[in-house]
Amino acid sequence: MIMTTKTRRAGLVLTSALVMAGCTVGPRYQPDRMKVPEHFTEDEHPATEAEIARTNAELKDWWHRFGDAELDRLVDRAISGNYDLQIAGQRILAERALRDSQASAWYPQIDANTTNGDARFSINVDNWPIRPGNPANRPGASYLSYGVSASWQIDVFGRIRRSVEAQER
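Throughout the sequence shown, residue numbering follows mature numbering (1 follows the signal peptide of the UniProt record, and there is no 0), covering -21 to -1, 1 to 148 in sequence.
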């Protein structure tokens, strides 16, 4: 079989693409694995309502047992500055939006634009040859411009994938 220049070129391009695809940046992300017991002691001995109420009452102000004014001040400061659940939920949604923003780079980007306007010629400028009619005529010109563009960045070196993984952590 005789290789033509086109066949060689296609083989070179294909080989180059395969080599470049193997050059992904960074190690493959592996989340930490936690060892979780199969059974918890709470499953075998559930707490009664009285025990739960007593424990909640004890935990409500446990730090007062130390009798330390500085600790009381620090705990009061922490409680007053604590974020409520709604703010925490909004932060989670914001992080998801950032992750989705990073992941959107995987898809083609499409842009469309239009521009329009009007122009009037000045009487003070000697441009009457471009005006139809006589020099006293002040015609206007309208213009309209529109366009569509599309782009797509192929994730050859894994930059987009790694940025999404970093945002998910």
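If you're looking for bench data, these hints aren't it; they were derived computationally from the structure.
Built from N, CA and C at the ideal position, the CB exists for glycine as well.
Just so you know, not all the hints are guaranteed correct.
[Claimed, not checked] Between beta-carbon pairs, the in silico distance windows are: (1) H18 <-> S130: 50 to 60 Å; (2) S128 <-> L53: 54 to 64 Å; (3) Y8 <-> A29: 42 to 52 Å; (4) I66 <-> Y8: 46 to 56 Å.
[Claimed, not checked] Derived pair list, reagent style EDC-like, types lysine to aspartate or glutamate, alpha-carbon separation capped at 20 Å: (5) K39 <-> D51; (6) K14 <-> E28; (7) K39 <-> D22; (8) K39 <-> E23; (9) K39 <-> D63.
Note to self: Need the list of violated hint numbers for this structure, in ascending order.
What the structure shows: Of the numbered hints given earlier, those the structure breaks are 4, 6, 7, 8, listed in rising order.
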